[in-house]
Each structure stands twice: as structure tokens, then as C-alpha cells.
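Trainee: The primary structure of each chain is shown beneath.
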Amino acid sequence: MEFAELIKTPRVDNVVLHRPFYPAVEGTLCLTGHHLILSSRRQDDAEELWLLHSNIDSTEKRFVGSLGTIIIKCKDLRIIQLDIPGMEECLNIASSIEALSTLDSVTLMYPFFYRPMFEVVEDGWRSFLPEQEFELLSSVTDEWRLSCINKEFSVCPSYPPVVIVPKSIDDEALRKVAMFRHGSRFPVLSYYHKKNGMVMMRSSQPLTGTNGRRCKEDEKLINATLRAGKRGYIIDTRSLNVAQQARAKGGGFEQEAHYPQWRRIHKSIERFNILQESLIKLVEACNDQSHNMDRWLSKLEASNWLTHIKEILTAACLAAQCIDREGASVLVHGTEGTDSTLQVTSLAQIILDPRCRTIRGFESLVVREWLQAGHPFQQRCAQSAYSNSKQKWEAPVFLLFLDCVWQILRQFPCSFEFSEHFLIMLFEHTYASQFGTFLGNNENERSKLKLQQKTMSLWSWVNRPQELSKYKNPLFEANSLVIWPSVAPQSLQLWEGVFLRWNRSSKFLDEAYEEMVTLIEYNKQLKAKVNALRRKLAELETDDRMQENL
Amino acid sequence: MHGGERSFACLDFVGCIAVTKLEQFLCTSEFVGEVQCQVEQVKLLDRFSTSNKSLTGTLYLTATHLLFIDSSQRETWILHHHIAAVEKLPLTTSGCPLVIQCKNFRIVHFVVPRERDCHDIYNSLLQLSRTAQYDELYAFSYNPKQNSSEQVKGWQLIDLAEEYKRMGVPNANWQLSDANRDYKICETYPKELYVPRTASKPIIVGSSKFRSKGRFPVLSYYHKDKEAAICRCSQPLSGFSARCLEDEHMLQAISKANPSNRFMYVMDTRPKLNAMANRAAGKGYENEDNYSNIRFQFVGIENIHVMRSSLQKLLEVSGTKGLSVNDFLSGLENSGWLRHIKAVLDAAVFLVKAIAVESASVLVHCSDGWDRTSQVCSLGALLLDSYYRTIKGFMVLIEKDWISFGHKFSDRCCQLDGDPKEISPVFTQFLESVWNLTEQFPQGFEYNEAFLLQIHEHVHSCQFGNFLGNCQKEREELKFKEKTYSLWPFLLEEQKKYQNPLYNPDFSPELTLLEPNTVSFNFKFWRNMYHQFDRSMHPRQSVLDLIMNMSEQNKQLEKDIKELEAKIKRKNSQSDAVLVKEPLQSAPPAPMALKTSPCFKKEQPLMPVNDSVRTIEGSNTADNRYSEFMEEFSKAEPAVVSLEYGVARMTC
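Here the protein sequences line up with chains F and E, keeping their order. Quick note: the first sequence uses the UniProt record's numbering, first residue 1, plus one each step. Quick note: the second sequence uses the UniProt record's numbering, first residue 1, plus one each step.
Since the hints were derived computationally from the structure, they do not count as laboratory data. Think of the CB as a built atom: it goes at the ideal place given N, C-alpha and C, for glycine as much as any other residue. It cannot be assumed that every hint is accurate.
Unchecked claim - What follows is a set of in silico ranges between Cβ atoms, one per label pair, in the way DEER data are often shown: (1) N241(F) / D419(E): 49 to 55 angstroms; (2) V121(F) / N52(E): 39 to 45 angstroms; (3) N52(E) / P23(F): 55 to 61 angstroms; (4) Q452(F) / E316(E): 54 to 60 angstroms.
Isolated chain F (complex conformation):
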């Protein structure tokens, strides 16, 4: 297929672009296969807008006489307006955008066409391999092994080719356990807490069904993670009610009788359309500037967004608490183990493991606990807050995770190597990107798409020093502490950097941030200078003494 067929009018002059808080820009609008480009074409201050078609969530068109207006609502929540002279041009542009932003085939996406203009120092596709992770682990414990049982994705289609499992469990047993777990997602290692050797595992629900099926190998597998005489915790991310209902469909939960050493805790975390609707309502509330206070607060409440944040954070704190404070191992699962499970396991690691609060560590966490763990990014991020279609698979699961990280970052502003901008950047790239990292729903699909060969990894770009410096937190000072966030409603806030980003000018806040950075930089310079002078003085004094001695 040629993109040219979809582009009915490639170019229109005298188009006016309206964005909130910026003066209108008049220029030429161009459509390419992947971009909508508006350029003012003036020599003095040429302004350009480059918008990926895949970033467009929905469009609306209006006409006043022959002047057409297209309102473009983006997945990063921005809304822009284009005034296009000429009805035909406007209709053509609108239908072209519509077609180009809803391409079916993944292989037509921009990452397959993007040619990087930068030199790749480090191939991001090879930056975070499970083998490296295992090497780190084996330096502290020998109780685990790397299993290649899923090499051809033959046992579990949504797992990566290699997984970390207890050493005492062989591949044969793993195959049996896989039969007993939803989508074959048998329990694997998610996190090893160096401090006390406790672990966090994740899986999907057990297929106990109504007649209480059991699987000895499953019991053996998870018991293998317990210390003698110690109990473990199973955190089920569904309410007890939902978990019980799942039995009717063949799913279920671990029965006390068969898992006597495990205590099961239910922490209800919402999924799917409930989250998607929550996002839609929240963005709707944030975008309406005319709300009076009561209406704003009730809309914010009705969106339930912060309730979801609190639920997720609480479950993650609980998992972390079991591991660090109770000295117990933990198994986390919901139904499929691809959404709420990953929110809990990844946030618990942020709380527990200082490495996850560094940029590289966080990237590695995203790769391990989201990409390799099989969070279906393509399904979940197909549409954002302006979608009209009621597809079942879309949900801002990863955005909620990022929001939770932001909440912790706000409470521990010196404990993270990255700033809010890093989180916002990740949010943008999960919905629309020139990089292949978030394409596909699991490693299996990614390998079929040959993303490693055909697209560039986001990490190759981000991890270059000049790019990385944009995302560094100037306040960062490494600490090796477990950081316990407050989950009281008074401590949780709306993530303004994402949800109010396009709704108000952040000029004064940005300037204040710059000032803070300047102050910190100045502090570093002064310290360096004092050191240099001290050294100089010390040298002079030593010289003096040497001369005296002569």
C-alpha cells in the first residue's frame, strides 16, 4: 500500500494553527505518510509543528462558510485547531488524517520508516537482557536458575524466551504448572530483595475452576521460595468476590487447604474499560476551564482516577511491606497477570530497590516488568482519552503506573535520578513514537515483527548523554533506603504535568524550576572552586615548608 493513496491533498497554504497559550500561527500544512506538518515558512522565526499521525486520538471538523476547522485531539492529551481555507481542502485533509491515524497494520507504523539522525552509541535492544539480570542475581544467590523453556514461545506466548525460576524446579514441572495457570503464565521471579533474601514472584490466576483443581507442581514451585518454617503472602489484585466468580470460568485462586503456608490477601485493582472511562472523565474535567469549584471537585471525584492511584499504591506498599517488614516472600497475581499484577510488582520494586530509582534501573524495570512480562502495550495504548470507540482492550494501565511513580517522586523528590519529564516522555512514547520499543503486545509478537532489526529502540536514543541530561533530577542524591510513600488522600495529587499540561501556562513554574537548577549548579561550581583553592593553598604551604627545609 502506498501512503500517497491515502493523502488526498498533500499541501494547503494559509492554514492557521491555534494552540492554547500560544499566538496563532499561519503557515503551510503538509501531510506525509506519518506526519502532519505545519510550517510558518517565515525566515525570521520559522515555527513548525510536527505531529505524528499515530498521536492523533480523534478529530472533529466544523465549517463556517468556506472556512473549515479541524480540531485534532492527541493521545498526549493536547488539543490543537487548524483553520483551513476551502471546504474541499478541509474535507480532504480531515479524511486523510483520519485514514493515516488509524492504520491497521503495525508494519506501516512510523518506527518501521524512521531513520535516526543520531549516532547509535549503544543498541537499546541489547541494553537490558534477562541474562544480565540473572548474572546480577546469581552473584547474591544460587537458588534460582535461568530457564529457556519458553525459547520458541512454545509454553507461554506472552512470556519472554527466558525466565528466572527456582533452581529446584525443572522444566518438566514448569510445563505442568503452565497448564495450571491462566495463559500459561506460571510463577516466575520478579524481584529478589537482597537485604533479606525474600522474593516477589508473579503469575496469572490458577485454573482451579469450580471443583477445586490442584497442581502439586504449582504448590511445589511457589513453596520452593519459602524459608523453612516461614509463611508467604499471595496478593490477589482482585476482590475476593471477583476471584470467586472467576472459578466459574475455570479460573480461581489458591485454596488455603492446598497452600497452607501462604496467606492470601485480596486487594482490588480495577482494569480495562473502568480505567479507560476514568481517564476519559478525568481529562474531560481538566479540559473544561469553566467549571466552578464544586463542579470541578465533583468531576475529579467522579473520574475515580485518584482512587485508582490510591488502590494501586496501597497494594504495592503492601507487597513491599510483606517483603521488607514481614520478611516474607510474595506472589502477586490477578487474572491474566499482565496489568494490575505488573503495576504492583513494579511499584513495589521502586519502593524497595534504590536501583529502580535510577534512570537505567527504571528503564530496566520497564523492560523487565512491562515489556518482557507481556503487558499488551499495543492493545492498551491504541487509544487515549479522546477515543470514541468503545473497544474493550484499551486501558491506561501503564499511565497509572507512571502516575504512581510520580506520586512517590513528589514525596521523595531527592530519591530519584530522573525527573518528572522522564515519566512524561515515557507516557508519550507508549502512545505514539518513532521507536519500536512499545510496539506489539509481547516479546513473541515483537520477535515476529523483527523490531530489533527493523526499528530503533527508544533506549538507544534516550541513553545518549545529551538526551539523558534532559531527564535528570537535579536534586538526586542516591540513597539505599526503602521509601514508604503516604497513601492518604491528602498526600495524593493530580499529576498536573500530564493532565493540566495543555490547560494552563506553566511559564512561572518552569522558570522557578530553571532557577532551582541554576542554584544547584552554582553550588556545585562553588564547591569545586573552594576545593581547587584549598588545594592550591595546600600546595603553596607544602612548597613553603620544603623551602624552609632546604
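For chain F, the structure is supplied; the task is to place chain E on it using the hints.
Mentor: Positioned in the frame of chain F, the structure of chain E alone reads:
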């Protein structure tokens, strides 16, 4: 300055966890009275803990404070004047619970083992926290060891005549009037009032008779560039049809005093319905037909009773144990608190637009002109004039629009045992509005949140004379200036604590005028005010503290550099010309070399400032392994911090 140190400590005492130990406290003579009552084995419950986490310790009552010392010797001080309510709850198995609510939003929940003791404490506190006369207030016994000339100087720190001069009055159009010299015309106004030159004494007197409580229109703020004025007064006694020529002349005089715009706005800050209801009582609002060149506008801020119950609702919600997000948000909505804050700020924005855009003068009033009028006039001036965004300027603003114009601090803050219907958080709302502005303009204010909180603390503490009483006349009669101390010099002395490290006086020079965004989503719940003492809800690392320390450290480093450069210069001039002179800047920082340099080791550690502000409250000290991140600067081990996690509860 002698005695300075001690007064620092005293300031810390009030309602804070003090650094001073009990013995010191008891030996310090300026604290009147010794321990009157002492109860051991008292439990202090964690207010939000669902598992009833508690600390055990001893509770002491002195003439001025309640003090609790827990088993790890941590002290909790509560000034009796800060106590808003004491409540005895039904007896439990572990003892008799006693809940104390403070005006600074601290809530402590004690469990006293014996009911008798609890009853005694309860009765004592009731007595101690309710004062019948001004001279029984803490300010009259508080002695910061200042001599009388320092005391006088302290009171002279803020000079309102100087302030009006700074604004540019008196001038061709405005003059100082001595009409109220003996508080004859208006008891609740200050003596010195500025009025239009064309307003003769008969006009003033006539107008004052037509205004509630005699509070006739006077100048509150003069905008030099626009030649426009903010004036304030109380409601006219217009009833349904009454009019007063002098009052009409008065308003005309105000509009004529503005050469750039003959039209003036009259802002009635009340909801229209309230103003109309007042007409039945012979009061009301200006009839536009009777006054020439005025534009009349209601702005709809609710009255003190609505505000009081709104705060009550807010506190009920925020004090709930195990609060859900939705209960919090709907409680916040139902309390109406943020709606009121927005209304106040919206009114100020309206006023500022009239002056800045139309160069029109504005007359502001409500009913008596000492609550909502004070809020709107002072916030308007703060938005217009960057001086009020400095530490000193903010003090001046409070002295002018709140203290001198007779905001009834005593009644509103319940300093003396009085009518509970007079209590209202009007001044708290003003501080909260300012806080909202500091959030929107992080570089626009010289002061930080701690400054606002400290002022709020002392409005209720009755430790200093500034906020005592209801008006200037009362203060003079009771000789507060001789018998008590002014708060401002103490705040100025420790102003380092209140400085905003990001403050930039030249911040957007075109923006001496602040134009805040008052879309609803900009207003946030002020956690650091209403949960000031609930540390577990705060961010565990404070960016403000860190930046403040760093900013201080920078000053010290600049000084060090100067000293070092001077030393090196001296050395260089002493040493032979053979020594090659390197430019100083070129010496690269080499921490490793430094550590091995024998001379460096003899030196003092470079900076006394430690970076412990980065440490995390609520984490185990055993976890603090800072060694691997040690740089060339020695870092002190963080002070012992408490173990406070308990964020997530286990439920099955």
C-alpha cells in the same frame, strides 16, 4: 543582640516540638509558673493510625503550656491559648481518652490511665484555655529579655505613615485627615486616615453617619502609576430609600481624586441576597441612581458564619481516619472551603483589573468592612504591588489592612472567652489565598510557606501584642505597646527561615502586577496548614529545605572563596617570583588528591552545613549507608529519625 538566642527558642516553643529540655524550661524564669500538674503513663495516640499506635509518656501542665514528653524524650508543647476545644471521650479499657483540638490545626489524642486525672486535666485545660481578660494572656507574661528601648524599637519597626508615603500620599489629591484623631468619628478605624483633599470635614462626618459603625470611605492603597485608589468602608445605611448627600459627595470626591478615570467601582463583596436582606435592617448597598459615576458590583463572598462552618466541615473531613479519596474530594466539595478561597481571590482579581486595566478607583465594602473588605483590599494590593510580596512588605500589609483597620482579631480568633458566633477563619483564608499565589508564582514572593504558617501560629498564640484586641483604640487603652512585644522584629531576626530561595525581585519586571489563574483546578488543599502536625502525610524530603540550605551554603562558599583567594594572594606575594603563577580557576578539582593532601586533613571540615535534609523521615537509620556516595564533602549522619511507616495496612 543579647537575648536574641533565647527568644529564638521561645518562638520554637509555641506549639512546636521544642529543642529545649524540660529542666531548662523550668529553670527559665520567663516562663511563668511551674508545673501545676503532672500525670504519668499517659498515651499519645497516632491520630490516623487504625491500629491505635501510641507513645507513652508524662503529661505536664504549666501556667502557659501543656507538655508531653514521651519515653524517648521527645517533647510536644501546646500553648493553652492554642487550644480550641477539649473533649473527654467515653472511658475505654486502657483509660480515659482526652482529645485536644488546637487553633493551629494540631489535634492530639491522649489516653489518661485514671479517669480522675483525666477529669482534672480536662477541667484545668478548660480554665487555662479560656481567658477572661486581656492581661491574663500569654503576651503579658511573655518576656523575651528585651529591654524597654528594644521593645519600643520593635513596635516602631512597622510605620504606617512611612508606608503611605511610599505609596505616594499625601499628594495633590489625597491628604491625611485628623478627623478621627480621638477615635470620635469611628472607634474601629485608626487615628490617621487618608481621604480625598476635596472631602471636607462635614462631608466626612456626614458620610460616617451614613455608614455602618461609622466606617466611612478612606484610602487603603494608592496606585502611583495609575493614580487610582483602593478605598474601603462599611455598608451604607440606605435601607430601601435613604440617601445621604455627604456620602454621595464623599464618593464623588474619591472619583474626582483620580484624574485618569472619573468612573469608580463600588464593590460590595457580599452575595447580592445578603446585601438585600440588610436593607430591611436599614442598611444595604449604594443605589447607582444616587451616586454619579459609579459602577456597582457584587462579588459574592460569604459571611463569617458560613466560613466558620465551612472550616468546621473541612476539618471534619480531613480528620477522618482511613479516609477514601472520594470521601475526601466530596468532603472538600461539601465544605465549600476552596470555593470560598476562590471567591476571595476572584474578588481581588476583579479589583486589580479595575485599577490596572481601567485606571479606575475602587471602593470596597461588605457589611462592617473589617472581614471580607480586609481580605479583598489586602489581596488586591498584594497583586498590584510587589512590595507586599517581600517579608517586610507583608508585615506592613497586615498591619495596615488588618490590624489598623480593625479586623476583629480578638473576636475572630477567640482570644478571650467570648461569643463563639464571632469566631471565623477570615484571616486564615487570607493567608491561604496568599499561599495559593505563592504556588502559582514560585519566584514572586520573598517569603515562603513557613512564614505564612508562623504568622498564622502567632495570630492565635497571644504571645505578641500585635494581634491582640479588636481595634487600635482598644490596643491603646490597654497599653499593649508598653506591656507586650511586637512579633515582627522576632520574625525579621530569623528571616532566614522564611526566605524563599527562589525569590527573584526582578522576576518578570513587567509583572509587578500578578495575574493569577483562578480556574478551579489551580486551587489545592493546603496540606501543610491543615495537616501541619501530621508529619506522616508530608513529603518525606523537602525541596524547599534543601534549596534553602543550599542557598545559605552558597553564601558561605562565596565567603570562603574570597578568604581563600586572599590567603593565596598573600602567600604568592610572599613567595619567590620563581613560583609560577597559575590562574586560580584552572586548578582542577581533584578530590582524590585532596584526600591525600596532608595539609587538607588538618583543615576543618569544609562546611558545617550537612545535607541531612535529604534524608528521609520515616526510615530506619540502620538503612542509611551513605558511605558509598561520600564525596569530598563530609556528610553528617542523619539525625535519628523515627520509624513511621504504616502506610498500608494488611487486611484479608
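Trainee: Is it true that Q452(F) and E316(E) lie within 54 to 60 angstroms of each other by Cβ?
Mentor: Check passed, 58 angstroms falls within 54 to 60 angstroms.
Trainee: Using the beta carbons of N52(E) and P23(F), state whether their distance is inside 55 to 61 angstroms or not.
Mentor: 59 angstroms, holds
Trainee: Would you say the C-beta atoms of N241(F) and D419(E) sit inside 49 to 55 angstroms of each other?
Mentor: 53 angstroms, holds
Trainee: Between V121(F) and N52(E), does the C-beta distance stay in 39 to 45 angstroms?
Mentor: With Cβ atoms ~57 angstroms apart, the hint is violated.
This entry does not satisfy hint 2, going by the numbered hints stated previously; all others are met.
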